[in-house]
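Construct all of the structure, not just a fragment, from the sequences and the given hints.
Chains as they are written, first to last, in our numbering: chain A, 1 to 242; chain V, 243 to 413.
In short, the hints are calculated from the structure, not lab data. We treat Cβ as the ideally placed atom computed from N, Cα and C, and that holds for glycine. Warning: the hint list may mix true and false statements.
Here are some, though not all, of the chain V residues that point toward chain A, as calculated from beta-carbon distances under 7 Å [claimed, not checked]:
hint: 1; residue: Q252
hint: 2; residue: Y255
hint: 3; residue: W263
hint: 4; residue: Q281
hint: 5; residue: E349
hint: 6; residue: L352
hint: 7; residue: V367
hint: 8; residue: Y371
hint: 9; residue: L399
hint: 10; residue: G400
hint: 11; residue: L406
With a straight-line Cα cutoff of 30 Å, these simulated DSBU-like cross-link-like pairs (lysine-lysine) come out [unchecked claim]:
hint: 12; chain 1: V; residue 1: K362; chain 2: A; residue 2: K50
hint: 13; chain 1: A; residue 1: K173; chain 2: A; residue 2: K11
hint: 14; chain 1: A; residue 1: K173; chain 2: A; residue 2: K7
hint: 15; chain 1: V; residue 1: K362; chain 2: A; residue 2: K11
hint: 16; chain 1: V; residue 1: K357; chain 2: A; residue 2: K11
Distance windows between CB atoms, simulated [as the list claims (entries may be wrong)]:
hint: 17; chain 1: V; residue 1: E404; chain 2: A; residue 2: E184; range: 49 to 55 Å
hint: 18; chain 1: V; residue 1: F301; chain 2: A; residue 2: Q104; range: 26 to 32 Å
hint: 19; chain 1: V; residue 1: E373; chain 2: A; residue 2: S120; range: 39 to 45 Å
hint: 20; chain 1: A; residue 1: E17; chain 2: V; residue 2: F361; range: 21 to 27 Å
hint: 21; chain 1: A; residue 1: S19; chain 2: V; residue 2: F301; range: 19 to 25 Å
hint: 22; chain 1: A; residue 1: Y220; chain 2: V; residue 2: F361; range: 45 to 51 Å
hint: 23; chain 1: A; residue 1: E68; chain 2: V; residue 2: Q353; range: 23 to 29 Å
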Amino acid sequence: MRCWRFKLRKKFMAYLEGSLRPDEAKRLEKHLADCELCRAMFMRLRAGHKLAQQLPHLSTEADQRIPEFEAMMADMGEMATARHGWIRTWENWLYALATPRVVQGLIALVLALLALVVVSNRRVLFGERKSIAAQSSALDFSGFHPLSIPDLPTNTRPHIATEGYVRDVRVDKEEGTLHFRLAEMPQGAGPFVVCEILIPISMALPREGSRVRVYGVARYDAQPGREWHEVNPVLNIAVLKQ
Amino acid sequence: MPCGDSEAFQEIYEAFRERIWALVVYSIGDSLQAQDVLQTIFLKVFRGLRSFRRQSSFFTWIYRIALNECRNHQRQRRAPHVPLEAILGSRDEIDPKAIPNGHEVREVVLQDAVKQLAFKMRDVVVLKYLEGLSYEEMSRVLGCSPGTVASRLNRALGELEERLRPFRRFL
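Below is the structure:
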């Protein structure tokens with residue numbers, strides 16, 4: 001089982017430290033209730049956090065191993081003498097090199113090398129974006145259960161394909177996801193299902209007013225103020241009419 | 243602060259030695275070697291004072307010297323790894339009742355688990371949980387973004403949990 005909610009997982013530590021906003025914390029808790037993978041990761045992190053909080057601070061007052069200043073200076077003197085020539089030469093060399101021009105030259109050289117690497121490997125680097133779309137196109141959509149939007153309340157199958165008109169396309173900037181309503185009618189009130197695309201870059205985005213067939217996972221959002229059926233995540237969109 | 247000013251350097255030493263000592267002990271472990279490393283760190287601080295350009299805070303600068311020196315020492319020495327089992331016995335579930343001086347051994351177990359982490363992960367654990375630094379402060383000390391710090395911390399805590407899982411009854 002895979003979970004694409006990378007941005008949500010980045011908030012685990014903030015949640016453990018109590019620094020998330022209440023609405024963010026609720027969203028995270030809801031996802032943890034649904035997602036076994038994230039739940040396991042969160043519990044590991046929480047256990048590690050509790051262990052790290054127990055790390056003993058070294059008792060410096062009783063710690064006789066830390067040398068006093070005079071003893072350290074005496075030892076440092078011996079150390080410096082023993083390594084004197086080597087350290088001086090090395091330091092002088094470094095100090096002479098650390099001029100602004102030399103540093104700028106090194107930075108320019110590094111940037112040039114980096115550009116060369118990127119250009120040489122652009123297919124490998126930018127070809128990865130196609131693989132996400134390739135993954136979804138590799139899915140067998142013939143196994144998805146076709147049903148109409150009004151039939152969603154009685155649906156028990158997880159993977160469905162449903163058709164409708166695209167309305168209210170919105171981007172959730174915080175999550176990086178895209179939402180739209182798929183309505184049975186092009187205008188006016190009527191049955192609808194909320195569709196969520198987790199990785200908008202991975203598929204062609206639907207235009208408002210177009211008629212599409214959406215393939216994805218059927219869910220129900222029971223939160224107060226929502227209480228609607230969802231296709232979340234959307235795995236593929238086929239445009240039927242622009 | 244002029245290089246070679248003994249009094250001023252003594253102030254720096256007194257102000258930072260305990261915090262740097264904690265970092266060194268968690269990295270090196272052995273107290274004799276830790277003393278050597280501590281002295282090397284402050285030797286570099288002493289010599290580096292004239293080239294300190296105030297582009298970062300003094301604390302950040304000293305910490306970077308300390309972290310680099312600890313890593314250099316570990317790479318050169320490759321200190322033998324003493325597994326936790328050598329302290330507590332079998333890797334099966336440990337019975338806390340069977341262990342005398344449980345509190346002290348518990349501390350050793352926790353410290354040892356942190357010491358066995360890769361240095362990038364160990365650094366973030368020590369800086370966060372012992373020094374209490376924020377993500378921003380850690381990113382300045384480590385020279386990376388707060389996001390990278392968070393990512394390393396997540397991996398470190400996951401690995402810590404995995405290493406200490408057999409000892410959870412004991413801890």
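With the threshold set at 30 Å, check whether the alpha-carbon distance from K362 (chain V) to K50 (chain A) stays at or below it. holds (20 Å)
Straight-line Cα separation of K173 (chain A) and K11 (chain A) no greater than 30 Å? holds (15 Å)
Given L406 (chain V) as an interface hint, is its Cβ closer than 7 Å to any Cβ of chain A? holds (6 Å)
Does the closest beta carbon of chain A sit nearer than 7 Å to the beta carbon of Y371 (chain V)? Since the shortest Cβ distance to chain A is 5 Å, the answer is holds.
Hey, does the V367 (chain V) contact hint survive, CB to chain A under 7 Å? This hint holds: V367 (chain V) lies near chain A, its Cβ roughly 6 Å from the closest one there, short of 7 Å.
I want to verify a distance hint. Is the separation of the beta carbons of E373 (chain V) and S120 (chain A) within 39 to 45 Å? Holds: the Cβ-Cβ distance is about 42 Å, inside 39 to 45 Å.
Need the status of pair K173 (chain A), K7 (chain A): alpha-carbon distance at most 30 Å? holds (11 Å)
Against chain A, run the beta carbon of L399 (chain V) and see if the smallest gap drops under 7 Å. Since the shortest Cβ distance to chain A is 3 Å, the answer is holds.
Hint check, W263 (chain V) versus chain A [nearest Cβ-Cβ separation less than 7 Å]: holds (5 Å)
Going by Cβ atoms only, is Q252 (chain V) closer than 7 Å to chain A? holds (5 Å)
Within 45 to 51 Å or not, the Cβ separation of Y220 (chain A) and F361 (chain V)? holds (48 Å)
CB of E404 (chain V) to CB of E184 (chain A), is that within 49 to 55 Å? Cβ of E404 (chain V) to Cβ of E184 (chain A): about 50 Å, so the range 49 to 55 Å holds.
Checked against the numbered hints listed earlier, the structure breaks none of them; every hint is satisfied.
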